[in-house]
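S.K.: Single-letter residue listing:
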Amino acid sequence: DAGVTQSPTHLIKTRGQHVTLRCSPISGHKSVSWYQQVLGQGPQFIFQYYEKEERGRGNFPDRFSARQFPNYSSELNVNALLLGDSALYLCASSSGTPDLYGYTFGSGTRLTVV
Amino acid sequence: GENVEQHPSTLSVQEGDSAVIKCTYSDSASNYFPWYKQELGKGPQLIIDIRSNVGEKKDQRIAVTLNKTAKHFSLHITETQPEDSAVYFCAAGNQAGTALIFGKGTTLSVSS
Chain A
33 DAGVTQSPTH
43 LIKTRGQHVT
53 LRCSPISGHK
63 SVSWYQQVLG
73 QGPQFIFQYY
83 EKEERGRGNF
93 PDRFSARQFP
103 NYSSELNVNA
113 LLLGDSALYL
123 CASSSGTPDL
133 YGYTFGSGTR
143 LTVV
Chain B
452 GENVEQHPST
462 LSVQEGDSAV
472 IKCTYSDSAS
482 NYFPWYKQEL
492 GKGPQLIIDI
502 RSNVGEKKDQ
512 RIAVTLNKTA
522 KHFSLHITET
532 QPEDSAVYFC
542 AAGNQAGTAL
552 IFGKGTTLSV
562 SS
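Protein chains in written order, with my numbering: chain A, 33 to 146; chain B, 452 to 563.
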């Protein structure tokens with residue numbers, strides 16, 4: 033069985049640019065969440081989507097947005113990139129809410145902003 | 452909002468020894484407490500979890516205990532092996548059930 037797949041695995045962008053990160057959840061999972069992990073820290077919650085609707089949003093600026101498609105895959109978009117956006121972006125899928133069903137994480141997209 | 456504190460930040464043990472990592476949380480409404488292991492270049496992998504209606508859970512060499520009154524939970528690894536070396540994160544479910552709040556991680560090193 034395929035796990036959570038994320039693309040690309042690595043990305044280098046310039047300050048001010050825009051980036052789109054992609055995630056395919058485990059087959060049958062309807063919930064996708066996005067987390068940002070800065071080096072040396074724990075993952076920090078950005079968004080949760082369930083059945084294509086936003087169900088939760090963390091403390092991130094409006095430059096961050098996301099959506100979930102009918103096939104339950106998801107995109108995370110970040111506009112006007114800042115140096116501080118450099119991080120590992122993790123996608124997690126779940127068959128329901130994380131407090132009941134837990135998460136499976138992908139390997140992440142390493143974003144470097146220069 | 453929920454806050455999760457994790458200690459220690461680094462832990463070094465000899466192969467065969469036990470390792471204990473402790474976490475405290477702030478939101479008494481939290482009811483789900485997973486532990487993740489993250490190896491270099493990989494995403495976090497769920498190793499064990501516990502819910503608030505249970506005080507202890509074991510899975511082979513790994514166990515988790517939960518004290519809801521004191522709002523703390525711990526990970527216990529017995530008979531450690533070099534392949535247990537990784538960063539371990541505790542987390543707590545937020546009140547809305549939409550997110551996990553993670554601790555800052557513990558780097559476990561097991562030397563043979």
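Worth flagging that the hints you see were computed from the coordinates, not collected in a lab.
Source: prediction; values computed, not measured.
Any given hint could turn out to be false.
To be verified - Now the stretches of chain A that chain B is said to cover, found in silico as 3 or more residues with beta-carbon under 8 Å: (1) 73-84; (2) 99-111; (3) 132-145.
Every residue, glycine too, gets a C-beta built ideally from N, C-alpha and C.
S.K.: Which earlier hints turn out false for this structure, listed by number in ascending order?
M.R.: Hint 2 is the one this structure does not satisfy, whereas the remaining hints hold.
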